[in-house]
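A.B. asks: Let the hints inform the model, and build the full structure from the sequences given.
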Amino acid sequence: MPLGNVVEVHDLVKFFGDVRAVDGVSFSVRRGEIYGLLGPNGAGKTTTIRMTIGIVTPDRGEAYIMGYNVHKEPVKARSFIGVVPEISNPYVDLTVWENLMLVGEIYCVPKRIRVKRAKNLLKMLKIYEARNRKAKVLSKGMRRRLLLAMALMGDPDILFLDEPTSGLDVISARMIRSHLLELKEQGKTIILTTHNIDEAGMLCDRVAIMNRGKVIARGTPEEFKIRFGEYARILLCFDREIDAKLIRKHFDSYEVIVQGRRLAIICRSKDLRDVLEQIVQVTNEYSLSIEELRASGLNFEDIFVRLVEGLG
Amino acid sequence: MYRIWVLCLKDMKLYYFKGPTIVMGILMPLFVWLAFVAGRGFSFTESLPALITLASFFASSSITPIVMPWEARQKSLEMLLSKPVTIYIVLLGTALASSIFGIFISSVLVTIGLLLNVIPRDLISLALGIAVSSLCYSFMGLVFSAIPSDVPADAVMLSSAVRLPLIFVSGIFIPVHSLPHYVKPLAFISPLTYFSDLIKNAYGYSSLLSPSIDVIALLLLTIIFAALALAANKRTLTRRL
Numbered sequence: 001m002p003l004g005n006v007v008e009v010h011d012l013v014k015f016f017g018d019v020r021a022v023d024g025v026s027f028s029v030r031r032g033e034i035y036g037l038l039g040p041n042g043a044g045k046t047t048t049i050r051m052t053i054g055i056v057t058p059d060r061g062e063a064y065i066m067g068y069n070v071h072k073e074p075v076k077a078r079s080f081i082g083v084v085p086e087i088s089n090p091y092v093d094l095t096v097w098e099n100l101m102l103v104g105e106i107y108c109v110p111k112r113i114r115v116k117r118a119k120n121l122l123k124m125l126k127i128y129e130a131r132n133r134k135a136k137v138l139s140k141g142m143r144r145r146l147l148l149a150m151a152l153m154g155d156p157d158i159l160f161l162d163e164p165t166s167g168l169d170v171i172s173a174r175m176i177r178s179h180l181l182e183l184k185e186q187g188k189t190i191i192l193t194t195h196n197i198d199e200a201g202m203l204c205d206r207v208a209i210m211n212r213g214k215v216i217a218r219g220t221p222e223e224f225k226i227r228f229g230e231y232a233r234i235l236l237c238f239d240r241e242i243d244a245k246l247i248r249k250h251f252d253s254y255e256v257i258v259q260g261r262r263l264a265i266i267c268r269s270k271d272l273r274d275v276l277e278q279i280v281q282v283t284n285e286y287s288l289s290i291e292e293l294r295a296s297g298l299n300f301e302d303i304f305v306r307l308v309e310g311l312g
Numbered sequence: 001m002y003r004i005w006v007l008c009l010k011d012m013k014l015y016y017f018k019g020p021t022i023v024m025g026i027l028m029p030l031f032v033w034l035a036f037v038a039g040r041g042f043s044f045t046e047s048l049p050a051l052i053t054l055a056s057f058f059a060s061s062s063i064t065p066i067v068m069p070w071e072a073r074q075k076s077l078e079m080l081l082s083k084p085v086t087i088y089i090v091l092l093g094t095a096l097a098s099s100i101f102g103i104f105i106s107s108v109l110v111t112i113g114l115l116l117n118v119i120p121r122d123l124i125s126l127a128l129g130i131a132v133s134s135l136c137y138s139f140m141g142l143v144f145s146a147i148p149s150d151v152p153a154d155a156v157m158l159s160s161a162v163r164l165p166l167i168f169v170s171g172i173f174i175p176v177h178s179l180p181h182y183v184k185p186l187a188f189i190s191p192l193t194y195f196s197d198l199i200k201n202a203y204g205y206s207s208l209l210s211p212s213i214d215v216i217a218l219l220l221l222t223i224i225f226a227a228l229a230l231a232a233n234k235r236t237l238t239r240r241l
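Those sequence lines, one after another, are chains A and B.
Mapping the first sequence onto the working numbering, position 133 (from 1) lands on 133, and the numbers just tick up by one.
Mapping the second sequence onto the working numbering, position 51 (from 1) lands on 51, and the numbers just tick up by one.
These are calculated hints, taken from the structure and not from any lab test.
What you are looking at is a predicted structure, and each value in this text was computed from that prediction instead of being measured.
Please note that a few of the clues may not be correct.
Stated by the list, open to error - Restricting the straight-line Cα-Cα distance to at most 25 Å, the calculated cross-link-like pairs of lysine-lysine (DSS-like) are: (1) 184(B) / 126(A); (2) 126(A) / 140(A); (3) 72(A) / 116(A); (4) 123(A) / 76(A); (5) 111(A) / 134(A); (6) 123(A) / 134(A); (7) 75(B) / 234(B); (8) 136(A) / 13(B); (9) 136(A) / 119(A); (10) 111(A) / 123(A); (11) 13(B) / 134(A); (12) 225(A) / 249(A); (13) 72(A) / 126(A); (14) 119(A) / 234(B); (15) 140(A) / 184(B); (16) 184(A) / 225(A); (17) 188(A) / 116(A); (18) 234(B) / 72(A); (19) 111(A) / 13(B); (20) 134(A) / 200(B); (21) 123(A) / 188(A); (22) 184(B) / 116(A); (23) 140(A) / 184(A); (24) 234(B) / 134(A); (25) 18(B) / 136(A); (26) 270(A) / 249(A); (27) 200(B) / 184(B); (28) 188(A) / 126(A); (29) 136(A) / 75(B); (30) 76(A) / 234(B); (31) 225(A) / 270(A).
C.D. replies: Right under this line is the structure:
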């Protein structure tokens, strides 16, 4: 394992029946970085994570955590990690405190440290007041924070988070994101899967974009923006609703998104002049007024869509 | 070993008071025993070995079938498996919790017998038999938990479909030598036969085999059920996640 890489994944393949759910995925994660696996639903992110932490056996390929093969030495390898699976629950019939103590015992944390760490984590994640409540009465956001606390009970070097903010309200999601950035500052390595592009752009140092079981692109969010720098996104807001069909006919050589009064056009920067001329023409033809017009580079979501749809 | 014990304590806390455990582990053996002895002129002294045999069997095999489907349904299984444990550690913790439940229930009955002056002739083989058979039954129950379903009732139904017929072919109420010849082979692959025989011997009734043969047979069946349970549960694990 090259120096500084805490996770190494080589050529993972997994079949479910005839379906090749993961198809030759490889990646490595450096110490202290936030690494994102991005992709639409069904891209194979969760299966990749499950194989990387050793709870699903791959049909081919290997995964190493801190140099330990997760399938040959699973207990040793998993003692370095904390995991928050996507669809997962703490033990709902145990209290918040009992859940944390259980996990602490599994990680063989001495009792004195276990108690101190549990208190600190509950305070940090703002669920200390709920420590004596059974997990089944917690809100979804609180359960998610409890799962994060449970993942941190062993003071792991590496955190795996599968869709950490999926299904959470904006405030809970923001809270989780800010905790992740705090954990990164503390030197933790974080590997997360998400289909939330903004989240990946905000949090990740590097990302791998997956589609249909394969990694189709990888790099930093900034590298992707540079790679797609030749593209521009024009955003318009008209004074009234526009006919999507008519608009698409006028801009048939560009990628167009119409939503009520709003229109987004993605084009190459060199075509910007032509597009603007066409906009003026459409505005005159249908007697529309432009209330807002903005031109910018592609955001991460545009880039993601272009990659997944094979447009980039 | 420490992690197995931690998970055993977790299962004791979570599953000892669950509905299926109470019904299948305590009420079922009691009612089956009552159905056989009530109104037939058996004294408590005569029927206590049968009650201990049934209680140990049902109690020890009542928790293991439900834990994996239950935890898969509650979505806590993946969380647990992502910790520094293997599926084998998880299963061994469950088997231990289940067998301790069987040992506890059987011990309560032995104690009640002692209080009512029903004294076993061979306390050591009784204790050894209860311990080994409880482990054997709990692994047997664990085989049923491998059913790739997240509905605990599915595993309970499957285990009941096997457990109930075993009562009739294991010499608890009908002696093995009185069974029809085509059923006799079944009696010798049933762990209940050896435990029932051991208990009868321990309480001074006539038995088929010597206690040491009963214990060896139970140990062999424990190893077979354990290997089957661990392999089958590992095989179906992916479908549970």
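A.B. asks: Work down the list of hints and note, for each, if the structure agrees.
C.D. replies: Hints, one by one, checked against the model:
| no. | hint | verdict |
| --- | --- | --- |
| 1 | 184(B) / 126(A) | violated, 64 Å |
| 2 | 126(A) / 140(A) | holds, 14 Å |
| 3 | 72(A) / 116(A) | violated, 33 Å |
| 4 | 123(A) / 76(A) | violated, 29 Å |
| 5 | 111(A) / 134(A) | holds, 21 Å |
| 6 | 123(A) / 134(A) | holds, 17 Å |
| 7 | 75(B) / 234(B) | holds, 17 Å |
| 8 | 136(A) / 13(B) | holds, 16 Å |
| 9 | 136(A) / 119(A) | holds, 20 Å |
| 10 | 111(A) / 123(A) | holds, 18 Å |
| 11 | 13(B) / 134(A) | holds, 13 Å |
| 12 | 225(A) / 249(A) | violated, 29 Å |
| 13 | 72(A) / 126(A) | violated, 38 Å |
| 14 | 119(A) / 234(B) | violated, 36 Å |
| 15 | 140(A) / 184(B) | violated, 56 Å |
| 16 | 184(A) / 225(A) | holds, 23 Å |
| 17 | 188(A) / 116(A) | holds, 20 Å |
| 18 | 234(B) / 72(A) | holds, 15 Å |
| 19 | 111(A) / 13(B) | holds, 19 Å |
| 20 | 134(A) / 200(B) | violated, 46 Å |
| 21 | 123(A) / 188(A) | holds, 19 Å |
| 22 | 184(B) / 116(A) | violated, 61 Å |
| 23 | 140(A) / 184(A) | holds, 24 Å |
| 24 | 234(B) / 134(A) | violated, 30 Å |
| 25 | 18(B) / 136(A) | holds, 16 Å |
| 26 | 270(A) / 249(A) | holds, 21 Å |
| 27 | 200(B) / 184(B) | holds, 19 Å |
| 28 | 188(A) / 126(A) | holds, 20 Å |
| 29 | 136(A) / 75(B) | holds, 12 Å |
| 30 | 76(A) / 234(B) | holds, 19 Å |
| 31 | 225(A) / 270(A) | holds, 17 Å |
The structure shown violates the earlier hints numbered 1, 3, 4, 12, 13, 14, 15, 20, 22 and 24.
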